[in-house]
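Chemist: The chain contents come next:
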Amino acid sequence: MASNPMYQFNVYRIGPEIKLGSVDISFTNASLFMVISSLAILIIFNLGAKKKTLIPDKLQLLSELSYSFVAKMISDTAGSKAKPYFSFIFSLFMFVLFCNMFGMIPYAFTVTSHIIVTFVLAAFIFVGVTIIGFMKHGLGYLKLFVPSGVPMVLLPLIVVIEIISYLSRPISLSVRLFANMMAGHTMMKVFGGFVISLGIVGGWLPLSFSVALTGLEILVAFLQAYVFAILTCIYLNDALNLHH
Amino acid sequence: MLKKIIILVFITCFACFNTLFAAESGGMPQLNPEFWISQIFWLIITFGILFIILTKVILPKISDNLETRKSQILENIETADKQKEESQKKINEYEKIILDSKIKAKNYFNEAREKILEDINKKRNTLEKELDEEISSVENELSEFRNKSGEKINKIAAETSAELIKELIGEEVNSSSIAAIVEDQAKLNQERKNVV
Chain A
1 MASNPMYQFN VYRIGPEIKL GSVDISFTNA SLFMVISSLA ILIIFNLGAK KKTLIPDKLQ
61 LLSELSYSFV AKMISDTAGS KAKPYFSFIF SLFMFVLFCN MFGMIPYAFT VTSHIIVTFV
121 LAAFIFVGVT IIGFMKHGLG YLKLFVPSGV PMVLLPLIVV IEIISYLSRP ISLSVRLFAN
181 MMAGHTMMKV FGGFVISLGI VGGWLPLSFS VALTGLEILV AFLQAYVFAI LTCIYLNDAL
241 NLHH
Chain B
1 MLKKIIILVF ITCFACFNTL FAAESGGMPQ LNPEFWISQI FWLIITFGIL FIILTKVILP
61 KISDNLETRK SQILENIETA DKQKEESQKK INEYEKIILD SKIKAKNYFN EAREKILEDI
121 NKKRNTLEKE LDEEISSVEN ELSEFRNKSG EKINKIAAET SAELIKELIG EEVNSSSIAA
181 IVEDQAKLNQ ERKNVV
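Just so you know, the protein sequences line up as chains A and B, in that order.
Per our numbering, the first sequence runs over residues 1 to 244.
Per our numbering, the second sequence runs over residues 1 to 196.
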């Protein structure tokens, strides 16, 4: 049923069924687009890093600008202590960005529109940040849940709220990306369906909407990747420099 | 706000289409756990490889490139500064030389001028001395002459008055008494002149 706006999110097997024990790890269309995004990143940045000219060409400029963009983002939000995590955040930002952007190609699959993918990324970040926090500050990291300058009466309530907000970080991080991508793609599909069903007479309005939405979605694709990366930086900042 | 609107629109659209295509739809494909493990597996593989290659190969190259560019630019700026300094030094030397030569030229000029002035002064002084001597000798002669002229005038006046008296009266008068009268008169004249 191709006209179902949710149909685009279907995952199906490509090639043979691969089983690891009793678990199915077959290569799917989602896997295909993960591979495509990663390969695209690797090819573009490898080409950009290959030539070492004083005056960069276009690809080199692109890779160097992205490098300094992410580096500035990290140093602005998490300070100089976060430098060792630069390559992870860079990979994360680029992966999410390329997955989002490849999802904008018609008939392409959007990897990040699946809650399981974003949740695994967010959970990994959450666990990693928590481990870093405890390694840096020991049990002192628990001070994160006790903000300074709060009256004693409110303290139990605040601590509970802080713990809940901390634990909900992976959920909010993953759902934000997933919901944005899914909502945008569903809306585009819905307006595309309106274009067909309203025909040549009335189809122009949803078509123009579709065009506008495409622009908006490209913006959202970049913005969500940016938000994902910068929230990671902020969580990392909490773990590295205990502020409360 | 925008996100909320988008999600709201999505939910309404989703509800509409769920009722429209109720026949087949089994909810969101995202919540179907059939391929979850596969997705997690491939995510870890692809992202892991991406992360490792970026970390080990590509990012060091980019940062290297950025660093070398930075250092090269700094070096270039340094050499440019050095050269600028050197050229400034050379300019200073050049200006010093020009200034020195100007001062020398001025000194030469001044020396020559002083010499000439001295010369002129010497000559003028000697000339003035000579002139002064001449003038004083002439003045002396003049004053001598003037002093003598009074006596001569008196003599002449006495002689003429004696002859005048002889002509008028036909009688000779004592010349010494005339001379005395003339002298008196001359003195009177002198006094009157002095008074005037």
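Some clues are possibly wrong.
[What the hints assert, rightly or not] Covered stretches of chain A (chain B as the covering partner; in silico rule of three or more C-beta atoms under 8 Å from a C-beta of chain B):
id: 1; segment: 44-54
id: 2; segment: 113-124
id: 3; segment: 226-240
These aren't lab readings, by the way, just hints derived from the structure by calculation.
C-beta: ideal position from N, C-alpha, C; glycine also.
Chemist: Each of the hints needs a verdict: does it hold here or not?
Modeler: Outcome of the hint check:
no., hint, in the structure
1, 44-54, "holds (count 7)"
2, 113-124, "holds (count 7)"
3, 226-240, "violated (count 0)"
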